[in-house]
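Engineer: So the chains spell out like this:
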Amino acid sequence: MSATDVSNRTATDSPASYDLPRTVRFGSLLLVVAALVVFPLVFTNPTITSVGVFAMIYLLAVSGWNIFSGYSGYIALGHALFFGIGQYSSAMLTSRFKIPAGWDLFALLPVAGAIAGLAAVPIGWMLLRVRKHTFIVLTIAVMFIFQLLAFNLRSWTGGSQGMQLPFPTWSGAYFNEPFYYIGLLAAAIALVTSWWVRRSKFGLGLLAIRDDEDRARSLGVRTTRTKLVAFAISAVFVGAAGAIYAPFIGSVFPQFAFDPSFDLALAVMAFTGGLGTLIGPALGALVIGSLQQYFLLQFGGANVFLIVYGLLFVLILRLLPQGIVPSIAARWRQWVTYRARNTPSTGVPPDSAPDVGRPFDVVLNQGGSA
Amino acid sequence: MLTLTGVVAGYGGGDILRGVDLTVEEGSITCVVGPNGAGKSTLLKVVSGLLRPRLGTVTFQGKSLTGKSPQHILRSGIVQVMQSRSLFPDLSVRDNVELGAFLVRDQAVVRKRMAEVVEQFPIVRERLDDRAGSLSGGQQRMVEFARALMLDPSLVVLDEPSMGLEPKAALMMYGYVRQMQSDGRTVLLVEQNVRAGLELASHGVVMEAGRVRLTGTGAEILLNPQMRQLYLGGTVDIDPALSASGPRGDADAPSWPA
Numbered sequence: 004m005s006a007t008d009v010s011n012r013t014a015t016d017s018p019a020s021y022d023l024p025r026t027v028r029f030g031s032l033l034l035v036v037a038a039l040v041v042f043p044l045v046f047t048n049p050t051i052t053s054v055g056v057f058a059m060i061y062l063l064a065v066s067g068w069n070i071f072s073g074y075s076g077y078i079a080l081g082h083a084l085f086f087g088i089g090q091y092s093s094a095m096l097t098s099r100f101k102i103p104a105g106w107d108l109f110a111l112l113p114v115a116g117a118i119a120g121l122a123a124v125p126i127g128w129m130l131l132r133v134r135k136h137t138f139i140v141l142t143i144a145v146m147f148i149f150q151l152l153a154f155n156l157r158s159w160t161g162g163s164q165g166m167q168l169p170f171p172t173w174s175g176a177y178f179n180e181p182f183y184y185i186g187l188l189a190a191a192i193a194l195v196t197s198w199w200v201r202r203s204k205f206g207l208g209l210l211a212i213r214d215d216e217d218r219a220r221s222l223g224v225r226t227t228r229t230k231l232v233a234f235a236i237s238a239v240f241v242g243a244a245g246a247i248y249a250p251f252i253g254s255v256f257p258q259f260a261f262d263p264s265f266d267l268a269l270a271v272m273a274f275t276g277g278l279g280t281l282i283g284p285a286l287g288a289l290v291i292g293s294l295q296q297y298f299l300l301q302f303g304g305a306n307v308f309l310i311v312y313g314l315l316f317v318l319i320l321r322l323l324p325q326g327i328v329p330s331i332a333a334r335w336r337q338w339v340t341y342r343a344r345n346t347p348s349t350g351v352p353p354d355s356a357p358d359v360g361r362p363f364d365v366v367l368n369q370g371g372s373a
Numbered sequence: 040m041l042t043l044t045g046v047v048a049g050y051g052g053g054d055i056l057r058g059v060d061l062t063v064e065e066g067s068i069t070c071v072v073g074p075n076g077a078g079k080s081t082l083l084k085v086v087s088g089l090l091r092p093r094l095g096t097v098t099f100q101g102k103s104l105t106g107k108s109p110q111h112i113l114r115s116g117i118v119q120v121m122q123s124r125s126l127f128p129d130l131s132v133r134d135n136v137e138l139g140a141f142l143v144r145d146q147a148v149v150r151k152r153m154a155e156v157v158e159q160f161p162i163v164r165e166r167l168d169d170r171a172g173s174l175s176g177g178q179q180r181m182v183e184f185a186r187a188l189m190l191d192p193s194l195v196v197l198d199e200p201s202m203g204l205e206p207k208a209a210l211m212m213y214g215y216v217r218q219m220q221s222d223g224r225t226v227l228l229v230e231q232n233v234r235a236g237l238e239l240a241s242h243g244v245v246m247e248a249g250r251v252r253l254t255g256t257g258a259e260i261l262l263n264p265q266m267r268q269l270y271l272g273g274t275v276d277i278d279p280a281l282s283a284s285g286p287r288g289d290a291d292a293p294s295w296p297a
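So the protein sequences, as listed, match chains U and V. With the numbering used here, the residue at position 32 of the first sequence is 35, and numbering never jumps. With the numbering used here, the residue at position 252 of the second sequence is 291, and numbering never jumps.
What the hints contain is simulated information worked out from the structure, not anything from laboratory work. Accuracy of the hints is not assured; some may be wrong.
[Stated by the list, open to error] List time: in silico DSS-like cross-link candidates among lysine-lysine, alpha-carbon distance up to 30 Å:
no. : chain 1 : residue 1 : chain 2 : residue 2
1   : U       : Lys135    : V       : Lys107
2   : U       : Lys204    : U       : Lys101
3   : V       : Lys107    : V       : Lys151
4   : V       : Lys102    : V       : Lys151
5   : V       : Lys107    : U       : Lys204
6   : U       : Lys204    : V       : Lys151
The structure displayed is predicted, hence computed values, not measured ones.
Take the sequences, apply the hints, and build the full model.
Structural biologist: Structure below.
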């Protein structure tokens, strides 16, 4: 293609960069990672570190959930299904294979994740035939089907008696810390996967599906396969989260393994932080996951945190309908645009000029000369 | 280059195309005109594989495309720019353009084409990281063109490219269509703006009621007295035997809207 005759522009002005400076982004990332790493060393109180473990489990689960629901726009409200499968996998494997409750517990993580991921393939294959609202309803339904199975397949799951997991063999003085660090590591892997997906062609296909599935298909995106792969990847991480949760709690019960409030928790966290962004859901998990556990400890078994959920949801919808991260990003872009417009002091109001004119006229001349 | 023979197609409630025979010459700009409901958009859907013809064949560069999937047709070098705004509004301009090359495996090729397209369409460079939905209608049309060229198509199919554009933007858009031709591509377009479309085109095709009524060079069609008659409310007679029986020779063809 002849590209030379269309370039009488001398300026190679790059479009204004809306991103935060790289040093700032990298620095704050390092800061957050460092803070998360030293957290249990600074706050050694087991009550606090247990809050940390829950935050890590949610961080892992939400980051995985976001790879599917955030990027594809298919809001799955049944991922407790995979959380439960991860928990039961962990419980069944430890009891069947008499796994000593040492560090071997954590070797089960990838296994439980793989089981959840494999289970996601046929489930996703069925669910992903429908779209949007129907999909949401069906995910909830399938989750409850698994809860019923867990109640009724007594010879496997123990039914409502639940299953017990062996008590970890390491010293009770630092009972929480191994769970915390394994959770942090797994969450980091989930976030790196999420980052990779977002940059990849696979992720581009997912984002296109979110925007307009039929159009994506007409451009050659294999929509069914793309959705299914993302669904399975998200199930792997949520299943792994279950396999941390089960030995940490020490028991598995159907109503807590397949728990609808876990589904809601994931959605609320993701919406709070910013659905479909890389770090938004992670931020939501850290904030809400910790808050939830804190309220639970403060006010006992009463479901105060459910009220807090409701309040938070209303507040977010009113104040930050896009979530924390996109809202801040939008403010930042506005500010950058404002600054860029006002430094040459043209006196143009910042919001009056974005879409008109200049590049257009330039192109017009080139079109005419062709 | 592209040949349709006896194509009959519809959406289930009767046939929209009732036996279309059409040849698109290599290197031409072929413009299809006709009133609403003549089957112009349906014709393009058949070409790009979005609609499977009930009867008839579609041949492109010697190979049959009849009933092939849209992906297969994209791969064989036919890319369509849709009538309505067809960008992904929430994705960036860059992502939108890259999606045009989704079928290309080799990322080096994608990068090379991206560089070419950015060079050719300054608007793409200017707004690379902006939401596509924040662009004006004319700018979006340019990004759609850019996206279409990412597959380096040999046939570009445009469905009413001037729709919704102000005259200046339409003029610029036509400039890009000529550029496609001089880059060695063949263009098949449908236009409501008959004069502009036929002036641009090297070949014109007039459709009415699911059939091709007239073909010729763009200028021939424009100057054809039958065209004049046609837009004042009559049908175009293609069969001398029928033309003897009066202006409405074809019994099953509806009259032109007045």
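Engineer: Would you mind marking each hint as holding or not holding in the structure?
Structural biologist: Checked hints:
1. Restraint check for Lys135/U and Lys107/V: the C-alpha separation of about 29 Å stays at or below 30 Å, so the hint holds.
2. Restraint check for Lys204/U and Lys101/U: not satisfied, since their Cα atoms lie roughly 43 Å apart, outside the 30 Å limit.
3. Our distance criterion of 30 Å between C-alpha atoms is met by Lys107/V and Lys151/V, whose separation comes to about 29 Å.
4. Taking the CA atoms of Lys102/V and Lys151/V, the gap is about 28 Å. The hint holds against a cut of 30 Å.
5. Note on Lys107/V and Lys204/U: the hinted pairing holds, with a Cα-Cα distance of about 25 Å set against a maximum of 30 Å.
6. For the proposed pair Lys204/U and Lys151/V, the alpha carbon gap of about 16 Å is at most 30 Å, so the pair holds.
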